[in-house]
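Asker: According to this note's numbering, the sequence shown holds residues 1 to 144 in order.
Hints are supplied without guarantee of correctness; some may be wrong.
[Said to hold, decoys possible] Computed cross-link-like contacts, SDA-like style, restricted to lysine to any residue with a CA-CA straight-line distance of at most 25 Å:
(1) K30 to A78
(2) K11 to M124
(3) K5 to G75
[Said to hold, decoys possible] Here are the in silico distance ranges between beta carbons for each label pair:
(4) P66 to F115: 17 to 23 Å
(5) Q47 to E4: 18 to 24 Å
(6) V55 to R19: 37 to 43 Å
(7) F69 to I105: 15 to 21 Å
(8) L126 to I105: 28 to 34 Å
(9) N118 to H39: 16 to 22 Å
(10) V55 to I86: 39 to 45 Å
(11) P27 to Q114: 32 to 38 Å
(12) F56 to E89: 39 to 45 Å
No lab work stands behind these hints, which were simulated from the structure alone.
Think of the CB as a built atom: it goes at the ideal place given N, C-alpha and C, for glycine as much as any other residue.
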Amino acid sequence: MKNEKFAGCWKLVEFEYHRPNGEVVYPLGKDPIGSLIYHSNGRYSMQISRRDRPVFTKDYFQNSAPEEFKLAVDGYFAYFGTYQVIESEGIISHFVEGSLFPNWIGTEQVRRFQFEGNRLVYDMPLRQQGSDRRTGHLVWERLK
1 MKNEKFAGCW
11 KLVEFEYHRP
21 NGEVVYPLGK
31 DPIGSLIYHS
41 NGRYSMQISR
51 RDRPVFTKDY
61 FQNSAPEEFK
71 LAVDGYFAYF
81 GTYQVIESEG
91 IISHFVEGSL
101 FPNWIGTEQV
111 RRFQFEGNRL
121 VYDMPLRQQG
131 SDRRTGHLVW
141 ERLK
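With the sequences and hints as input, model every part of the structure.
Answerer: Here is the structure:
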């Protein structure tokens, strides 16, 4: 598939995790905000944020308390790099060059995708995080 189908700016509509028992979890609240940008040259940038993140008490984050940093990081996620689409399998791979979560740097993050009108729907594979097992579900809407 040509990258032109993905190329453009997308806004986050939905971000949730699904546990095997059917429970739905909203990792950044029920109304997060996000931006996903795909360039036709094969590069991407993605950011997702809790809408209600608290502001820092200081004007400069370098002088802020460790607890403020923890809350800021807990409510925000971002990564960027290059991407490749395998249309026949309905897969897009993100090759991570930089990430708020350093463990992702140098990894390939695979997502199943489908288009529904002007929306791009992602499903992330089942992951084990401690005792928690879950799949991710994101819906992005194309901006004009």
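Asker: Run through the hints listed earlier and report the numbers of any the structure violates, in increasing order.
Answerer: 3, 4, 6, 8 and 11
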